[in-house]
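K.L.:
Listed here are the chains, written in short residue letters.
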Amino acid sequence: MAVIQVERKPLTFMERIYLPNIVAGMKTTLKHLVAPALTLQYPEQRPAIPPGYRGVPTLVMDPNGREKCVSCQLCEFVCPPKAIRITPGEIPADAPDAHVEKAPKEFEINMLRCIYCGLCQEVCPEEAIWLQNTYSVSGYTRGELVNNKQKLYEMGGTLPDAHFKWDKKKAAAEHGNAH
Amino acid sequence: MDFFLNLPLWLQAALKGIAVIIVLFPIAGICSMAERKVAAWIQDRPGPDRVIIPWLAWIPGIGLIRRLGLFNLMADGGKLLFKQDPVPGNVNKFYFVLAPIIAMTPAFSTVAFVPFGAYIDSAGATIPLILANVDIGILGIFAIASISVYSLILAGWASNSKYPFIGAIRASAQLISYELSMTLAVIPVFLWINVPGAPGTLGLARVVEFQSQPGFWGGAWFVFVMPVSAVIFLIALFAETNRQPFDMPESEADLVGGFHTEYGSFKWSLFFVAEYANMAVGSAVFILLFLGGWNPLPWVPLSLLADWLHITHLPWLVGTLATVIFLAKVIFSLFVFMWVRWTVPRFRYDQVMRLGWQKLLPLAIANLLVYVIAIACLQT
Chain A
1 MAVIQVERKP LTFMERIYLP NIVAGMKTTL KHLVAPALTL QYPEQRPAIP
51 PGYRGVPTLV MDPNGREKCV SCQLCEFVCP PKAIRITPGE IPADAPDAHV
101 EKAPKEFEIN MLRCIYCGLC QEVCPEEAIW LQNTYSVSGY TRGELVNNKQ
151 KLYEMGGTLP DAHFKWDKKK AAAEHGNAH
Chain B
1 MDFFLNLPLW LQAALKGIAV IIVLFPIAGI CSMAERKVAA WIQDRPGPDR
51 VIIPWLAWIP GIGLIRRLGL FNLMADGGKL LFKQDPVPGN VNKFYFVLAP
101 IIAMTPAFST VAFVPFGAYI DSAGATIPLI LANVDIGILG IFAIASISVY
151 SLILAGWASN SKYPFIGAIR ASAQLISYEL SMTLAVIPVF LWINVPGAPG
201 TLGLARVVEF QSQPGFWGGA WFVFVMPVSA VIFLIALFAE TNRQPFDMPE
251 SEADLVGGFH TEYGSFKWSL FFVAEYANMA VGSAVFILLF LGGWNPLPWV
301 PLSLLADWLH ITHLPWLVGT LATVIFLAKV IFSLFVFMWV RWTVPRFRYD
351 QVMRLGWQKL LPLAIANLLV YVIAIACLQT
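Chains as they are written, first to last, in full-length UniProt numbering: chain A, 1 to 179; chain B, 1 to 380.
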């Protein structure tokens, strides 16, 4: 490997007395003093969230307004910090979506524990849990930061979804050719 | 005016003293806010601008004051006054509490020797506005200002903790190192103004008077006549007031908080009000010595400006004008202190010592010798 000798130049007199360099630096800072601020005025202005951002985990409904979660508890098991707690429940037999058999009675995500890893979204067979772009999580008490089922659905809303898996399931069950 | 002059002398002195403190204390307080704003502006951000008293928010035009962060100042003050003030165990409580008080004392005492304006009386003579127009002037300022380091030493020692102690030692070493150069840099000015045959004085008012004479060399500010002295004095002033790049006693990068590590709430803020008051007085001295005091421009003394504005016969107006000019210069100088702080990185401690002893001190001595010889040749 070739060795390149870099000549280190001795400092000139002006550099050694240092004051001109300070003045040059002050000139630079003066330019910034009069330059407009580059900051985002946060609560009023919100940053643009890139697609694929992993924000707060939420529960979503299908386009028919039914909850997708079947309380399989995979997300609860896979969650590394154990932030998710699901209480599984039966669906009443007379409910219109009774064929789903199961739905969560209670679904809690503790945002004090959540590490936004996104494993819950990865693992969900029903695509019911999604990390969405809400990034500002704050509260005055610890209790406020535990999102219950109602709040999770409020934050999640409905995602466009063309599968209608349970419709197909229902149709199959009615026509007797369950796959 | 007559009413004021008919009051007993002690009451006049007390009122004048209170008036000066009333001006100086808010300047020192607002500096802490200004520091944050200047820091923010230099770093391309708006700085503190959110605090507002809720029921004031609807007053139109209040937004400007809010954006300037003036309510932040109140919030800071309120917080520092009312937050819990812990005194650590194992500290020497008496000296621990005494230290911030001692910090304030010299800061507000030195101002007695600082003339902050002048008016022209009916005989055409310029009378300085000053609390104590005594001949020891600059000597008194140096003597009393040096006491401020006792507060740092006391704070560092009484805290009974390592980092404050190191900060205190650094403060005392730094003060001694730079006090020498500072004093030597000032001597040529006083050699020059104390012409043979005239009564000698170390008063700052005389220095400004000397810079307001007619003629090219008479009206020149001393920064043009003695630029090296001015630079040495300014550098030493930065070091003495513990400002960046010389803030060794508190340097939070290596000493946590230096001498004030163990302090909190109001005691802590007293150190900082004192630091800013020291800065204000120090820059006032610099302005009086080298930047023409209350004269608006070089070669344009106050009396000439008063002539142009036809207000020579109104002494109170001239006095106010002089004070305003002087205060404007002080405020600009305080801004320069902040500007430098957010430009220049902090020196290492050995660099501070080397600069003080190996560079500034020989330079100050050489500067003094040159001016001694030059003044001796010119004035005989």
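Hints are computed from structural coordinates only; laboratory data are not their basis. Please note: incorrect hints may appear among the correct ones.
[To be verified] Derived PhoX-like pairs: lysine-lysine, alpha-carbon spacing no greater than 25 Å straight-line:
#	chain 1	residue 1	chain 2	residue 2
1	A	K9	B	K359
2	A	K31	B	K37
3	A	K9	A	K31
4	B	K83	A	K27
[To be verified] Partial list, computed: chain A residues near chain B (C-beta under 10 Å):
#	residue
5	I17
6	I22
7	G25
8	M26
9	T29
10	V34
11	A35
12	T39
13	N64
14	T141
A virtual CB, placed ideally from N, CA and C, is assigned to each residue, including glycine.
K.L.:
Which of the numbered hints above does this structure break?
P.N.:
3, 4, 13, 14
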